[in-house]
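Chemist: One letter stands for each residue in the lines below.
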Amino acid sequence: MQHTVIIGNGVAGITAARHIRKLSDNKITVISGETDHFFSRTALMYIYMGHMKFENTKPYEDWFWSKNKIDLMREWVTSIDFDGKTIVFKNGTSLTYDQLILATGSQSNFFGWPGQDLKGVQGLYSYQDLELMEENTKNVKSAVILGGGLIGVEMAEMLHSRGIHVTYLIRESHFWGNMLPKEEGTLIDNHLAEHGIDLRTETELEEILDDGNGHVKGIKTKTGEVIDCQFVGLTVGVHPNIDLVKDSKVETDRGILVDEKLQTNVPDVYAIGDCAQQKNPPAHRRPIEAVWYVGRMMGETVAHTITGNETKYQPGVWFNSAKFFDIEYHNYGTVLPTCQEGCSEFYWECHDKKKCIKVIYETNSLKVKGVNLFGIRNRHEVWDNWLSQEKTLDHIIGNLPEANFDPEFFTHWEGEIQEKFNSEFSDKTVNVRKRGFLEKIFA
Amino acid sequence: MKTIRYTGLIAFLFSLGLFLSLFFTSTYTLTEQIFTSNVKAEHQETLGPELAGMMDREYSLSIPFVKDLNAAVNTVNERMRSEQQWDKVIYDDYAGSLTRASTSGLIQDQTTLLFILVFIVGAVGALMFILPQIQLGGPAGIKHNGIFFNALNNRGWIGMLTGGLLVVFYVLLYFYPAYITNWIILVDPVQKLLNPGATSSQWFLYGFLYTFAVLVMGVRMIIKYRHSKYQIFRTISVMFFQTAFAFLIPEILVRLNQPYFDFKNMWPLDYDFFDAWHINMLTTSGGTGIFMFAWGISLFAIGVPLFVFFFGKRWYCSWVCGCGGLAETVGDPFRQLSDKSLKAWQIERYLIHAVLIFGLLMTGAVVYNFISGTNSILGIDTYNYLRKPYGFLIGSIFSGVIGTGFYPFMGNRVWCRFGCPLAAYLGAVQKFKSRFRITTNGGQCISCGNCSTYCEMGIDVRWYAQRGQNIIRSSCVGCGVCSAVCPRGVLNLENRDEDGRFNQPILLGNDSIKVSN
Ligand SMILES: Cc1cc2nc3c(=O)[nH]c(=O)nc-3n(C[C@H](O)[C@H](O)[C@H](O)COP(=O)(O)OP(=O)(O)OC[C@H]3O[C@@H](n4cnc5c(N)ncnc54)[C@H](O)[C@@H]3O)c2cc1C
Ligand code: SF4
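Line by line, the protein sequences are chains A and B.
In terms of my numbering, the first sequence opens at residue 31 and continues consecutively.
In terms of my numbering, the second sequence opens at residue 12 and continues consecutively.
So that you can see chain A by itself, here it is in the shape it has in the complex (with noise of 0.2 Å):
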């Protein structure tokens, strides 16, 4: 029997694990040195605000790794020796495998501020961050955010959600600047506002005050404003988790190497999630792509190769989604914070400044790369057709309402994007959505 072991606990490492269980009859191990459990590392903040316990974001019941026969152990692994396939964990005990799947995650960035080792001053990404932040956050009044991306704002969320002050610097001239287009941006910018949130933009941090206790009392940005607070949050993006084999000879760059197939150099061994870094993405793909679904695909894809049925890592249209406060985002295909060569785009904002949509196309085809959504959900299989397909702007939005996953009675804006679209494609009008009877009564 073949022993697969897996290092790391997360949707990556499960997923590939509950695939092999499916394919094979290997023995699997996971190990992982954060928690005894899988636990959804995107649900943390909604544990910070009491919307879930932690029992809640693990997404499967304790008994169900024995059942299905996964060896869950909870230790730290310091070293591999690839010669002898043999792993070495923090306790000075061992471990033999046949195949290893490195599923090591990430970790949060520092960039050596002055300060930054400060009592009152960290990044959130394990279940240890978390009860750190819990600990942190006692008594505080005021915080500081630094950083503009998806966990920043969540850390926004969660201590706006105890009351606390939220001073939210970010570096870019909108929210989320490194991914966002400055429309879409300066819409969530407003609803930070909305609730409270002060954004200060094109803000840098020059560095952490020290209260002469080792604790944080301020920070000072780099045109020398101080800002008092008793929390920095340093969310600055993250880098792949690569410690454990760094310096050994597995190939890294920013991440752990792997092929189409997810293998490393070494044999046997694969990496996958956030911690794999690929060789040779696809085309409409990045090498690096922290994100939970690439964690979940990649898991599901490895575990064919290791079962005897190898298979390239092929994902297809690009997806994403996360939530700003109370918007939605759901994104399909390319859209990059400035246009494409050769590309244009469509917008409509709805008049609440809450909704917009961008569509990417090609200038000269009209054939459409890409969707940005705010405040509208919209089906993922609609436009996954529709990307792959290549099909052209006016025809996505002639078919618009086929797409719209928003729950019953949700007004539909169809209509008035139609009209947006007719009236600066006067050449290629589609028809426009009419209202139900019902609509229009309730509307």
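It is worth saying that the hints were derived from the structure and are not from the lab.
We put the beta carbon where it would ideally sit given N, CA and C, even for glycine.
Any given hint could be a false lead.
Now the in silico label distances, taken between C-beta atoms and shown as ranges [unchecked claim]:
#1 Lys-168/A / Ile-145/B: 43 to 51 Å
#2 Asp-240/A / Pro-150/B: 34 to 42 Å
#3 Leu-162/A / Ser-71/B: 57 to 65 Å
#4 Ser-32/B / Asp-240/A: 54 to 62 Å
Chain B with the ligands: place on chain A using the hints.
Modeler: Structure of chain B with the ligands alone, referenced to chain A:
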């Protein structure tokens, strides 16, 4: 704004306190005159001597008074039984009528004032507490901050206290109504308003409190979910059906000398529909009665399969039903307490189907007796061994005491999930012949668990969503909260082509592997 809220809270707690203290306020004195005007002539002779010791004696609490009354009746009955004088055994409920007539004090003198202080002040106080949330609670959106830190919402002391009070209330209401005579008198002004000829009963009290609670907490629900039209419409619907169909229309019917009838209640939830007295009442009340009888039968025989096919069982459970109405309004603060484990699901399936079978057997026997004019079936006394235990165990204990009393312990759908035979029937149709499903949006699920946590029926929604599968579960009442709380826009309640429900190819964004359901 905050001041308004806290003033409101104080007003509400004052009303609640006043309501509870009314239990203790009256005095009870049985007099000769009360005795003769409330007790049938044929019982006066036997009961009189037994009650002699109580005459003109003032009690300061209903409990000893009712106990003494019942003891007297029991003594008479035991004697008559031992003497085999069956016709002299007393079956009338004198505890209720005599206690009521013997009550004096504030509740009798100031009924209307007390009613205003309890219910009007209570409602205004509650609304003052609820309404400012529109502004204080921030922009419209999901409002679940701090739920699991809250002593009411997370089985803390307030939750335990609330649950305890509810359980006690239900026990008194079902089994010791004479103890709560003061409360029954309290709602008499409303009874008189609707029907001047009637006197409030324990069931009128219950109906009134129920409707009151659904309306006040319905407003809370609407404000909480004001970003979702689905939730708003659904809540208005249950508020309407409770007020009009369950509370007002039956009273109006009685006023018009028609049978008391709740047009939205349905067998087998309405388990006495086929009782002989009920059928007789309807069939002897002329055209209206016959129509009601036919309506009641069509509702479950035609209405259920038809509407469940098109809309799922939600059309009833979370849009119309009274139990559902209470669960969706008063029960909303407790929805996260339902057990999501596989074990709970197994227990649920055994229990609810057992109740359904029990209900079917009971009804079958009752109908058989009605048609054949007998009292037993296969030698089993139907009333004592089927109908009465059903009413007691299922009708009172399960649906009332546990069904509502356990909201703060086990979530707001304990009855609907584990006990309701109608839910089992609707669920079977929903599972096998319906266009309804919760659609999962491709691969967008991040397994966060909000949907499962807030599913009042204890469905592990995430289990399906994270695999990209549609959710088709017989227990789903279609409340739509999973869809509302999902932070990634993954879930949607839909009525679509039956074919697409199961076995659709699943899209998770991975072109390497194609899977299907
Ligand atoms: C707050 C937050 C919110 C997020 N929200 C979203 C979102 O909304 N959508 C989205 O797509 N993505 C989101 N992400 C990113 C997403 O969570 C990650 O992409 C995903 O969890 C990565 O999964 P993984 O299995 O690769 O790694 P991880 O989940 O990080 O799992 C790796 C595990 O390996 C363990 N480990 C590492 N080294 C060792 C060792 N030497 N010995 C033992 N154990 C070890 C770690 O402790 C960890 O438990 C979020 C991340 C965070 C932190
Ligand atoms: S709430 Fe949405 S994202 Fe979270 S587990 Fe449920 S379906 Fe998935």
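Chemist: If a hint holds in the structure, say so; if it doesn't, say that too.
Modeler: Hints, one by one, checked against the model:
no.	hint	result
1	Lys-168/A / Ile-145/B: 43 to 51 Å	31 Å, violated
2	Asp-240/A / Pro-150/B: 34 to 42 Å	37 Å, holds
3	Leu-162/A / Ser-71/B: 57 to 65 Å	59 Å, holds
4	Ser-32/B / Asp-240/A: 54 to 62 Å	58 Å, holds
Checked against the numbered hints listed earlier, the structure breaks hint 1 alone; every other hint is satisfied.
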